[in-house]
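Colleague: Going down the list, the protein sequences come from chains A and B.
Start counting the first sequence at 1; every next residue gets the next number (the working numbering).
Start counting the second sequence at 1; every next residue gets the next number (the working numbering).
Source of the hints: derived by calculation from the structure; they are not laboratory data.
Just so you know, not all the hints are guaranteed correct.
[As the list claims (entries may be wrong)] 25 Å max Cα-Cα, derived DSS-like pairs, lysine-lysine:
1) B:37 - B:56
2) A:57 - B:102
3) A:71 - B:42
4) A:71 - A:9
5) B:102 - B:42
6) B:68 - B:37
7) A:9 - A:70
8) A:70 - A:57
9) B:68 - B:56
10) A:9 - A:57
11) A:71 - B:102
12) B:37 - B:102
13) A:9 - B:42
14) B:102 - A:70
15) A:9 - B:37
On a predicted model such as this, the values are computed, not experimentally measured, just so you know.
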Amino acid sequence: NAGVTQTPKFRVLKTGQSMTLLCAQDMNHEYMYWYRQDPGMGLRLIHYSVGEGTTAKGEVPDGYNVSRLKKQNFLLGLESAAPSQTSVYFCASTRTSGGTMGLYEQYFGPGTRLTVT
Amino acid sequence: GESVGLHLPTLSVQEGDNSIINCAYSNSASDYFIWYKQESGKGPQFIIDIRSNMDKRQGQRVTVLLNKTVKHLSLQIAATQPGDSAVYFCAEINAGGTSYGKLTFGQGTILTVHP
Numbered sequence: 001n002a003g004v005t006q007t008p009k010f011r012v013l014k015t016g017q018s019m020t021l022l023c024a025q026d027m028n029h030e031y032m033y034w035y036r037q038d039p040g041m042g043l044r045l046i047h048y049s050v051g052e053g054t055t056a057k058g059e060v061p062d063g064y065n066v067s068r069l070k071k072q073n074f075l076l077g078l079e080s081a082a083p084s085q086t087s088v089y090f091c092a093s094t095r096t097s098g099g100t101m102g103l104y105e106q107y108f109g110p111g112t113r114l115t116v117t
Numbered sequence: 001g002e003s004v005g006l007h008l009p010t011l012s013v014q015e016g017d018n019s020i021i022n023c024a025y026s027n028s029a030s031d032y033f034i035w036y037k038q039e040s041g042k043g044p045q046f047i048i049d050i051r052s053n054m055d056k057r058q059g060q061r062v063t064v065l066l067n068k069t070v071k072h073l074s075l076q077i078a079a080t081q082p083g084d085s086a087v088y089f090c091a092e093i094n095a096g097g098t099s100y101g102k103l104t105f106g107q108g109t110i111l112t113v114h115p
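Same shape as in the complex, but just chain A (with noise of 0.2 Å):
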């Protein structure tokens, strides 16, 4: 098991680029997350899919965009990419419930480092 991946580790933009970060788990697990980490700070919800198909906004949104085609795929979109988003960019996954850690053991990605100019 390779767990949960993202790609690609590092990225810089220059203001009003747009880029896809891809988060993929082999795990089976329904429901997937996409936090962003800001320096000194805890992790931040963006948006939040409990199913191939769906997806919610989670505590800050805004600039963002997501996308569940695939149940073992999780893209988080930035359309038009701006300082503020100078993050780095936690993608998670979990069971819905059971597990021998808890019923809501969340496993993280490595994180991707964006840089926004």
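Once you have looked at the hints, place chain B on chain A.
Modeller: Frame of chain A; chain B shown alone:
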């Protein structure tokens, strides 16, 4: 809005000592709490969780204590090792209704273990 926060942003200990990391939460409806460890350049890693109907849960070298009266959560690490150096986050969920596992994270505490 509701939030989860930490009393101490940094903690330095000697190898072999016990460490205690604290967290205060404000959402009285939260019924599930998790501690995560984040090493430099990596994503958060699940350490241990506790439900609101418990006041203590033990894992391997770690213990989480929950005091609902004062809305306080703590993580105790026994015999701290240099490999425990990381940022530790508490997170909470209101698992009822339609929370869909959405976590609210605290700011984090930096733990540094000196050999």
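Colleague: If a hint holds in the structure, say so; if it does not, say that too.
Modeller: Each hint, compared with the structure:
1. B:37 - B:56: 19 Å, holds
2. A:57 - B:102: 11 Å, holds
3. A:71 - B:42: 24 Å, holds
4. A:71 - A:9: 22 Å, holds
5. B:102 - B:42: 20 Å, holds
6. B:68 - B:37: Cα-Cα ~23 Å, so holds.
7. A:9 - A:70: 21 Å, holds
8. A:70 - A:57: Between residue 70 of chain A and residue 57 of chain A the Cα gap is close to 18 Å, so the pair holds against 25 Å.
9. B:68 - B:56: 11 Å, holds
10. A:9 - A:57: Judged against 25 Å, a Cα distance of about 24 Å means the pair holds.
11. A:71 - B:102: Status holds; Cα separation ~18 Å.
12. B:37 - B:102: 18 Å, holds
13. A:9 - B:42: OK: residue 9 of chain A and residue 42 of chain B at ~11 Å, within 25 Å.
14. B:102 - A:70: Roughly 21 Å separates the two Cα atoms, so the pair holds.
15. A:9 - B:37: 20 Å, holds
Checked against the numbered hints above, the structure breaks none of them.
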